[in-house]
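Q: Protein chains in written order, with the numbering used here: chain A, 1 to 399; chain B, 1 to 88.
These are calculated hints, taken from the structure and not from any lab test. Relax, there's no trap hidden among the hints.
Over the 12 Å line for every Cβ pair with chain A, so calculated as not near, a few chain B residues:
1. Asp27
2. Asp29
3. Pro30
4. Gly67
5. Arg70
6. Ser82
Okay, derived cross-link-like pairs now, DMTMM-like style, lysine to aspartate or glutamate, Cα gap no bigger than 20 Å in a straight line:
7. B:Lys10 x B:Asp59
8. A:Lys222 x B:Asp59
9. B:Lys10 x B:Glu76
10. B:Lys5 x B:Asp27
11. A:Lys28 x A:Asp52
12. A:Lys287 x A:Asp248
13. A:Lys17 x A:Glu3
14. A:Lys222 x B:Glu64
15. A:Lys222 x B:Glu62
Cβ atoms here follow ideal geometry from the backbone N, Cα and C, with glycine treated the same way.
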Amino acid sequence: MIELPLPSLGPDMTSGKLLEWRIAPGQKIRKGDVIAVVDTEKAAIDVESWHDGEVIELLAEPGAEIAVGMPIVRLADHGETPVAARPAATSATPPEPARRAPPVEAPASKAANLGETGGATTFARASPAARRRAQALDIDLAQLRGSGPGGAIQLQDVERAAAPKSGAAKAVTSDRADRHEGMRRSIALAMARSKREIPHYYLWDEIDVTTAMQWLQSSNEKRPVTSRLLPAALLLAAVARAAAEFPDMNGSWEHDAFQPSSAVHLGVAIALRGGGLIAPALRDAHKLGLDELMRNLSDLVRRARAGGLRSSEISGQTLTVTNLGDEGSAGLLGVIYPPQVALVGIGRIGPRPAVEAGALVARERVTISLAADHRVSDGRRGAQFLARIASRLQQPESL
Amino acid sequence: MTQTKPELLKTIVDALATIAPEVSDFDLDPDVPLREQIELDSMDHLHFLVALHQRLGVDIPESEYAGMRRLTDLVEYIAARSQANNPS
Numbered sequence: 001m002i003e004l005p006l007p008s009l010g011p012d013m014t015s016g017k018l019l020e021w022r023i024a025p026g027q028k029i030r031k032g033d034v035i036a037v038v039d040t041e042k043a044a045i046d047v048e049s050w051h052d053g054e055v056i057e058l059l060a061e062p063g064a065e066i067a068v069g070m071p072i073v074r075l076a077d078h079g080e081t082p083v084a085a086r087p088a089a090t091s092a093t094p095p096e097p098a099r100r101a102p103p104v105e106a107p108a109s110k111a112a113n114l115g116e117t118g119g120a121t122t123f124a125r126a127s128p129a130a131r132r133r134a135q136a137l138d139i140d141l142a143q144l145r146g147s148g149p150g151g152a153i154q155l156q157d158v159e160r161a162a163a164p165k166s167g168a169a170k171a172v173t174s175d176r177a178d179r180h181e182g183m184r185r186s187i188a189l190a191m192a193r194s195k196r197e198i199p200h201y202y203l204w205d206e207i208d209v210t211t212a213m214q215w216l217q218s219s220n221e222k223r224p225v226t227s228r229l230l231p232a233a234l235l236l237a238a239v240a241r242a243a244a245e246f247p248d249m250n251g252s253w254e255h256d257a258f259q260p261s262s263a264v265h266l267g268v269a270i271a272l273r274g275g276g277l278i279a280p281a282l283r284d285a286h287k288l289g290l291d292e293l294m295r296n297l298s299d300l301v302r303r304a305r306a307g308g309l310r311s312s313e314i315s316g317q318t319l320t321v322t323n324l325g326d327e328g329s330a331g332l333l334g335v336i337y338p339p340q341v342a343l344v345g346i347g348r349i350g351p352r353p354a355v356e357a358g359a360l361v362a363r364e365r366v367t368i369s370l371a372a373d374h375r376v377s378d379g380r381r382g383a384q385f386l387a388r389i390a391s392r393l394q395q396p397e398s399l
Numbered sequence: 001m002t003q004t005k006p007e008l009l010k011t012i013v014d015a016l017a018t019i020a021p022e023v024s025d026f027d028l029d030p031d032v033p034l035r036e037q038i039e040l041d042s043m044d045h046l047h048f049l050v051a052l053h054q055r056l057g058v059d060i061p062e063s064e065y066a067g068m069r070r071l072t073d074l075v076e077y078i079a080a081r082s083q084a085n086n087p088s
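Just chain B, same shape as in the assembly:
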């Protein structure tokens, strides 16, 4: 079933919390780059993308990483992919 954008945001933050548990302690601003808000090194980032892949089945190519700095970017990207896969 396709998730709404608020649902997607929650799923993404839940996935992030498995890598960076401190995100449960404060509200992330979806419009501010993630790495300006929490410590996220390249291994954390990769683990985060694997967690998204496991939860949402989305595989974000490396070439798209630069445009995925904010939670908003991720929500929009995944929603668009989901829309393309389920046009109805």
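Next comes chain A alone, as it looks inside the complex:
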């Protein structure tokens, strides 16, 4: 038998609130399947299983605040005969209370209800705010029609459904304020820890991207709108390829030592509507071709804003990129997300004066910065990393 604990969904996460189960007793699941939706201070996250098996018992009720590391599901491994969930009150050997996720009320009856669906229940896609609001108002998301991306249920859809209920508007305001406060608290914890523990050094370069932008324009002329590329795809691809060659920029600082990563799971800072940001991972970014990277990035941004980020995307980032976009500032000096050891900051691309063969010309340029951890690397190495990103961008067709 395997017990799946609640994973940490961020470096400072100590607990999360179970919003809903996506599995039921008796259901066979595979590694990577979403088992539950758990609310953190930043967002509602789809928690994935990291084992194959058959669900024996759900160990917590929706609404429960669960400590990181606390078992939430019992699975029978392959080849193991599943033992049916035991009603807690009649069990001969009741589970040790300290190992159960509190508070657990009437788990047997709830589990039985879920079990009756045979695991074939369809689950509604909803934004984090909508999910929290629906739970607060006891509204079944499956009964709502979503107006968001891909039919995702938005806060406004829940508000509309809740309109006849008295006090709904006031509670929505309170829920938004809670989410905003949680987001600020989470960012403050991570950034204060970073500034306290990580000896940052900073470098930056203004990089010519004229060739890359011309290539992108020419490529997009041949593409339908559904498969167009954004400059961000080129920039992230260049950073990911360079990071794969510079292991001292890609990994984490844990237990007083640097742990390099062979894979590049690029954290992408995404601004959320209404404030705050989240930096989920574009996993294995160094292996993705431009089209696949663009598709994955588009999907990641959509889910970060509409709901549906997965636990594997919200942890395990090895290097983060903050890209300010076409309406952002010219450049930035970033704060490293602990326990990572570097952050790449990309400013606004635009025409800037440059000297070419002794003449002043206008070129498309961008300021790319590096904030890196002095415990792991030095400025010379950082400069080489930035130079490698720049050289990658001069050959966009090979990205």
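Given chain A, work out where chain B should sit, using these hints.
A: Using the frame of chain A, we list chain B on its own:
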């Protein structure tokens, strides 16, 4: 069936609301650039154009983006394309 310009405007705003749900909370001024009224980054903009493509079958080339800053610009562009495709 060809939509009138007011119908087109509504279809466009509905498509925009799937990307930026807050547009349902206030009236957008069709003559003011969209990005001066709501937060719309380049990914949102691309998702918006994909939503228009799905609803109206229109594929706005990247070279036309600069002239499509207001809702009015989009309505005029799509109406003209629609007229060209259905001259009767």
